[in-house]
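Visitor: Sequence:
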Amino acid sequence: QVQLVESGGGLVQPGGSLNLSCVASGDIFRINFMAWYRHTPGKQRDMVAQIFSKTETTNYAASVRGRFTISRDNAKNTLYLQMNDLKPEDTADYYCDAFVGKDIWGQGTQVNVSS
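Count along the sequence shown starting at 1, add 30, and that's the number in our numbering.
Because the hints were derived from the structure by calculation, they are not lab data.
Incorrect hints may appear among the rest.
Unchecked claim - Listed below are the simulated EDC-like cross-link pairs for lysine to aspartate or glutamate, each with C-alpha atoms no more than 20 angstroms apart in a straight line:
1) Lys132 / Asp76
2) Lys73 / Glu119
3) Lys84 / Asp57
4) Lys117 / Glu86
5) Lys106 / Asp57
6) Lys73 / Asp123
7) Lys106 / Asp127
8) Lys84 / Asp103
9) Lys106 / Glu86
10) Lys84 / Glu119
In this text, all values refer to a predicted model and were calculated from it rather than measured experimentally.
Construct all of the structure, not just a fragment, from the sequences and the given hints.
Guide: This is the structure in structure tokens:
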């Protein structure tokens with residue numbers, strides 16, 4: 031089994047930055063890819079960024095491309111999401127996802143972009 035714990039959310043002004051972290055533990059060798067999703071009430075959970083384990087190929091949602099960067103530190107078993115030039119529409123609960131034949135989710139961390 032894989033366990034995920036996110037951190038790094040908070041309140042930030044428009045134009046600001048945050049760096050989210052997701053620490054993975056357990057059977058991490060089974061992880062095919064990891065991703066960040068976000069969810070706001072009344073909407074579906076949308077993928078923000080994705081990184082594949084073997085190739086480190088990344089994919090981004092159009093709305094965050096050029097502003098967000100997904101990366102991983104294998105030595106620390108940690109996934110990151112560096113978010114720059116944040117906008118009010120980035121306000122959401124952010125979730126870390128690890129795919130091991132099925133999706134494993136963290137508990138989420140809240141990001142609030144507001145002046």
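Visitor: Compare the structure with the hints numbered earlier in the document and write down the numbers of the violated ones, lowest to highest.
Guide: Numbers 4 and 10 - these are the hints that the structure violates, sorted from lowest upward.
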